[in-house]
Amino acid sequence: IQISREIREEMMENNSQSLLPNDENRKSSDKIWKYERIDSDTINETADTGDILLFESQDLMSKAQRFLTLSDFDHISMFLRDQDETLYVIQVISGKPLEVVNWNEFIRAYSDKYAKIFYRKLQFDRDPLAMIKLQNILSQFSGMQASISPDRLMTRHRETEDEFKDQKSIFSSELVAGCYKAMGLLQSDVSASWYWPRNFSVKKEPKLLRGAELGAQMLVDFKFRKPSGEEEEGLEPLTREHSRSLDSVNLGNTMPRQERV
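Residues in the sequence shown are numbered from -8 upward in steps of one, following the numbering used here.
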(Lines of atoms letter the chains of each structure in order from A and count residues from 1; the text may use other names and numbers.)
(Lines give C-alpha, C1' and ligand atoms only; values in the text may rest on other atoms or scores of the structure.)
Protein backbone atom coordinates (compact mmCIF):
# COMPACT_ATOMS: atom_id res chain seq x y z
CA ILE A 1 0.00 0.00 0.00
CA GLN A 2 1.38 3.37 -0.98
CA ILE A 3 2.20 5.54 2.03
CA SER A 4 0.70 9.03 1.83
CA ARG A 5 2.75 12.21 2.20
CA GLU A 6 1.08 12.86 5.58
CA ILE A 7 2.23 9.51 6.95
CA ARG A 8 5.75 9.87 5.52
CA GLU A 9 6.12 13.28 7.18
CA GLU A 10 4.88 11.87 10.47
CA MET A 11 7.39 9.02 10.21
CA MET A 12 10.21 11.55 9.83
CA GLU A 13 8.91 13.48 12.83
CA ASN A 14 8.72 10.33 14.94
CA ASN A 15 12.25 9.35 13.94
CA SER A 16 13.54 12.72 15.08
CA GLN A 17 11.71 12.36 18.40
CA SER A 18 13.48 9.04 19.01
CA LEU A 19 16.70 11.04 19.43
CA LEU A 20 15.38 12.75 22.56
CA PRO A 21 17.29 12.23 25.82
CA ASN A 22 16.59 8.95 27.60
CA ASP A 23 14.60 10.57 30.39
CA GLU A 24 12.19 12.10 27.86
CA ASN A 25 11.74 8.77 26.12
CA ARG A 26 11.12 7.15 29.48
CA LYS A 27 8.39 9.67 30.32
CA SER A 28 6.72 9.05 26.98
CA SER A 29 6.87 5.29 27.50
CA ASP A 30 5.39 5.57 31.00
CA LYS A 31 2.33 7.40 29.65
CA ILE A 32 1.54 4.53 27.30
CA TRP A 33 0.58 2.29 30.20
CA LYS A 34 -1.61 4.77 32.07
CA TYR A 35 -5.02 4.20 30.50
CA GLU A 36 -8.39 5.30 31.74
CA ARG A 37 -10.48 2.13 31.95
CA ILE A 38 -14.09 1.12 31.47
CA ASP A 39 -15.66 -2.29 32.10
CA SER A 40 -17.86 -4.13 29.63
CA ASP A 41 -20.98 -3.91 31.80
CA THR A 42 -20.73 -0.12 31.97
CA ILE A 43 -20.51 -0.05 28.18
CA ASN A 44 -23.61 -2.25 27.97
CA GLU A 45 -25.49 0.20 30.18
CA THR A 46 -24.31 3.51 28.71
CA ALA A 47 -23.07 3.05 25.12
CA ASP A 48 -25.17 4.39 22.27
CA THR A 49 -25.34 4.42 18.48
CA GLY A 50 -22.16 5.88 16.99
CA ASP A 51 -19.84 5.08 19.89
CA ILE A 52 -16.73 3.27 18.64
CA LEU A 53 -14.24 0.56 19.54
CA LEU A 54 -10.59 0.73 18.44
CA PHE A 55 -8.58 -2.48 18.26
CA GLU A 56 -4.97 -3.55 18.50
CA SER A 57 -4.85 -6.98 16.84
CA GLN A 58 -2.16 -9.56 17.46
CA ASP A 59 -1.52 -11.06 14.00
CA LEU A 60 1.45 -10.10 11.82
CA MET A 61 -0.61 -8.49 9.04
CA SER A 62 -2.29 -6.18 11.54
CA LYS A 63 1.07 -5.27 13.08
CA ALA A 64 2.34 -4.43 9.60
CA GLN A 65 -0.71 -2.26 8.97
CA ARG A 66 -0.12 -0.35 12.20
CA PHE A 67 3.52 0.19 11.21
CA LEU A 68 2.66 1.45 7.73
CA THR A 69 -0.08 3.76 8.96
CA LEU A 70 1.79 4.92 12.07
CA SER A 71 -1.17 3.92 14.19
CA ASP A 72 -1.80 2.20 17.49
CA PHE A 73 -4.86 0.58 15.91
CA ASP A 74 -5.60 -1.59 12.90
CA HIS A 75 -9.36 -2.13 13.25
CA ILE A 76 -12.44 -0.19 14.31
CA SER A 77 -16.10 -1.02 14.88
CA MET A 78 -19.20 0.93 15.88
CA PHE A 79 -22.09 0.45 18.31
CA LEU A 80 -25.78 0.41 17.42
CA ARG A 81 -28.48 0.75 20.08
CA ASP A 82 -31.87 -0.35 18.76
CA GLN A 83 -35.30 0.78 19.89
CA ASP A 84 -35.54 -2.25 22.19
CA GLU A 85 -32.45 -0.99 24.06
CA THR A 86 -30.30 -3.91 22.85
CA LEU A 87 -26.67 -3.00 22.19
CA TYR A 88 -24.96 -4.30 19.04
CA VAL A 89 -21.53 -4.04 17.46
CA ILE A 90 -21.38 -3.60 13.70
CA GLN A 91 -18.10 -4.61 12.10
CA VAL A 92 -16.32 -6.15 9.13
CA ILE A 93 -13.44 -8.53 9.79
CA SER A 94 -11.30 -10.56 7.43
CA GLY A 95 -12.96 -13.66 6.03
CA LYS A 96 -16.49 -12.65 7.07
CA PRO A 97 -19.29 -10.51 5.66
CA LEU A 98 -20.42 -7.48 7.61
CA GLU A 99 -21.96 -8.62 10.88
CA VAL A 100 -24.13 -7.15 13.62
CA VAL A 101 -23.42 -8.88 16.93
CA ASN A 102 -25.09 -8.49 20.30
CA TRP A 103 -22.58 -6.91 22.73
CA ASN A 104 -22.71 -9.84 25.16
CA GLU A 105 -22.07 -12.27 22.33
CA PHE A 106 -19.28 -10.04 21.06
CA ILE A 107 -17.59 -10.22 24.47
CA ARG A 108 -17.64 -14.01 24.44
CA ALA A 109 -16.42 -14.28 20.86
CA TYR A 110 -13.83 -11.52 20.59
CA SER A 111 -12.72 -10.15 23.97
CA ASP A 112 -9.66 -12.43 24.09
CA LYS A 113 -8.79 -12.15 20.39
CA TYR A 114 -7.14 -8.71 20.63
CA ALA A 115 -4.20 -7.31 22.55
CA LYS A 116 -6.19 -4.20 23.48
CA ILE A 117 -9.64 -2.76 22.79
CA PHE A 118 -10.45 0.90 23.45
CA TYR A 119 -13.84 2.60 23.72
CA ARG A 120 -14.78 6.18 22.75
CA LYS A 121 -18.22 7.70 23.32
CA LEU A 122 -19.72 9.86 20.59
CA GLN A 123 -21.32 13.00 21.99
CA PHE A 124 -23.89 14.49 19.64
CA ASP A 125 -27.61 15.04 19.16
CA ARG A 126 -28.99 11.80 17.74
CA ASP A 127 -31.97 13.42 16.05
CA PRO A 128 -34.52 11.40 14.02
CA LEU A 129 -33.21 12.59 10.64
CA ALA A 130 -29.64 11.52 11.46
CA MET A 131 -30.87 8.08 12.53
CA ILE A 132 -32.96 7.69 9.36
CA LYS A 133 -29.93 8.56 7.21
CA LEU A 134 -27.79 6.14 9.21
CA GLN A 135 -30.37 3.38 8.77
CA ASN A 136 -30.40 4.04 5.01
CA ILE A 137 -26.62 3.84 4.62
CA LEU A 138 -26.51 0.67 6.73
CA SER A 139 -28.90 -0.98 4.27
CA GLN A 140 -26.33 -0.27 1.52
CA PHE A 141 -23.60 -1.95 3.57
CA SER A 142 -25.60 -5.13 4.12
CA GLY A 143 -23.81 -8.19 2.74
CA MET A 144 -20.51 -6.43 2.03
CA GLN A 145 -17.30 -8.38 2.60
CA ALA A 146 -14.20 -7.11 4.41
CA SER A 147 -11.60 -5.90 1.93
CA ILE A 148 -9.15 -3.04 1.39
CA SER A 149 -9.11 -1.68 -2.15
CA PRO A 150 -5.93 0.22 -3.17
CA ASP A 151 -7.97 2.23 -5.69
CA ARG A 152 -10.39 3.44 -3.02
CA LEU A 153 -7.55 4.19 -0.59
CA MET A 154 -6.03 6.61 -3.09
CA THR A 155 -9.32 8.40 -3.79
CA ARG A 156 -9.79 11.35 -1.47
CA HIS A 157 -12.88 12.88 -3.08
CA ARG A 158 -15.95 10.96 -4.24
CA GLU A 159 -19.52 11.88 -5.08
CA THR A 160 -21.45 11.44 -1.84
CA GLU A 161 -24.72 10.20 -3.33
CA ASP A 162 -23.07 7.38 -5.27
CA GLU A 163 -20.16 6.69 -2.96
CA PHE A 164 -21.09 3.09 -2.18
CA LYS A 165 -23.06 2.31 -5.35
CA ASP A 166 -22.27 -1.19 -6.65
CA GLN A 167 -19.58 -1.59 -3.99
CA LYS A 168 -19.16 -5.20 -2.85
CA SER A 169 -16.54 -4.79 -0.12
CA ILE A 170 -15.62 -2.37 2.64
CA PHE A 171 -13.00 -2.10 5.38
CA SER A 172 -13.56 -1.22 9.01
CA SER A 173 -12.71 2.48 9.10
CA GLU A 174 -14.48 3.04 5.78
CA LEU A 175 -17.60 1.55 7.37
CA VAL A 176 -17.45 3.86 10.39
CA ALA A 177 -16.60 6.92 8.27
CA GLY A 178 -19.54 6.12 5.97
CA CYS A 179 -21.86 5.97 8.98
CA TYR A 180 -20.50 9.24 10.36
CA LYS A 181 -20.89 10.92 6.96
CA ALA A 182 -24.49 9.73 6.76
CA MET A 183 -25.17 11.34 10.16
CA GLY A 184 -23.58 14.57 8.93
CA LEU A 185 -20.54 14.33 11.21
CA LEU A 186 -17.79 14.23 8.55
CA GLN A 187 -17.17 16.29 5.42
CA SER A 188 -19.41 15.06 2.63
CA ASP A 189 -16.78 15.62 -0.09
CA VAL A 190 -14.08 13.47 1.53
CA SER A 191 -14.27 9.77 0.67
CA ALA A 192 -15.02 7.38 3.54
CA SER A 193 -12.18 5.19 2.22
CA TRP A 194 -9.71 7.99 3.02
CA TYR A 195 -10.07 7.29 6.75
CA TRP A 196 -8.00 4.79 8.75
CA PRO A 197 -8.63 3.61 12.33
CA ARG A 198 -5.96 6.12 13.41
CA ASN A 199 -8.21 8.97 12.22
CA PHE A 200 -10.65 8.16 15.03
CA SER A 201 -8.03 8.00 17.80
CA VAL A 202 -7.05 10.71 20.28
CA LYS A 203 -3.77 11.19 18.41
CA LYS A 204 -5.56 12.40 15.28
CA GLU A 205 -8.97 13.56 16.61
CA PRO A 206 -11.31 13.64 13.60
CA LYS A 207 -12.80 17.04 12.79
CA LEU A 208 -16.42 16.24 13.51
CA LEU A 209 -19.27 18.51 12.43
CA ARG A 210 -22.56 19.49 14.09
CA GLY A 211 -20.79 20.08 17.41
CA ALA A 212 -20.09 16.36 17.81
CA GLU A 213 -17.14 15.11 19.86
CA LEU A 214 -15.52 11.79 20.66
CA GLY A 215 -14.87 11.27 24.36
CA ALA A 216 -11.89 9.85 26.21
CA GLN A 217 -10.10 6.82 24.80
CA MET A 218 -10.70 4.19 27.48
CA LEU A 219 -9.25 0.70 27.68
CA VAL A 220 -12.02 -1.90 27.88
CA ASP A 221 -11.37 -4.18 30.81
CA PHE A 222 -13.33 -7.41 30.43
CA LYS A 223 -11.84 -8.77 33.66
CA PHE A 224 -14.01 -6.33 35.62
CA ARG A 225 -17.20 -7.84 34.22
CA LYS A 226 -19.82 -7.98 36.99
CA PRO A 227 -20.86 -11.51 38.05
CA SER A 228 -24.58 -12.13 37.70
CA GLY A 229 -24.83 -15.81 38.57
CA GLU A 230 -27.22 -16.33 35.68
CA GLU A 231 -25.68 -15.23 32.40
CA GLU A 232 -22.70 -17.58 32.01
CA GLU A 233 -24.43 -20.96 32.42
CA GLY A 234 -25.70 -22.80 29.38
CA LEU A 235 -24.25 -20.42 26.79
CA GLU A 236 -23.67 -21.85 23.34
CA PRO A 237 -20.60 -21.13 21.19
CA LEU A 238 -20.96 -18.06 18.97
CA THR A 239 -22.27 -18.93 15.51
CA ARG A 240 -23.66 -17.00 12.56
CA GLU A 241 -27.08 -17.39 14.21
CA HIS A 242 -25.97 -14.92 16.87
CA SER A 243 -25.41 -12.26 14.21
CA ARG A 244 -28.37 -10.23 13.01
CA SER A 245 -29.08 -8.66 9.66
CA LEU A 246 -28.86 -4.89 9.45
CA ASP A 247 -32.48 -4.72 8.37
CA SER A 248 -33.57 -6.26 11.67
CA VAL A 249 -31.94 -3.53 13.78
CA ASN A 250 -34.34 -0.61 14.21
CA LEU A 251 -32.76 2.66 15.33
CA GLY A 252 -36.11 4.30 15.93
CA ASN A 253 -35.38 5.43 19.52
CA THR A 254 -33.39 8.66 19.27
CA MET A 255 -33.82 9.92 22.84
CA PRO A 256 -30.44 10.46 24.55
CA ARG A 257 -29.34 7.31 26.37
CA GLN A 258 -29.25 8.92 29.82
CA GLU A 259 -32.88 10.05 29.42
CA ARG A 260 -34.25 6.60 28.58
CA VAL A 261 -35.76 5.01 31.68
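In short, the hints are calculated from the structure, not lab data. What you are looking at is a predicted structure, and each value in this text was computed from that prediction instead of being measured. Check each hint, because a few of them may be wrong.
To be verified - Straight line, CA to CA, 25 Å or less: simulated SDA-like cross-link-like pairs of lysine to any residue:
hint, residue 1, residue 2
1, 54, 114
2, 124, 242
3, 107, 124
4, 124, 114
5, 198, 213
6, 112, 194
7, 25, 210
8, 112, 175
9, 25, 213
10, 194, 26
11, 159, 114
12, 25, 74
field: Which numbered hints fail
entry: Going through the list in order, the structure violates hints 1, 3, 5, 11, 12 and respects the others.
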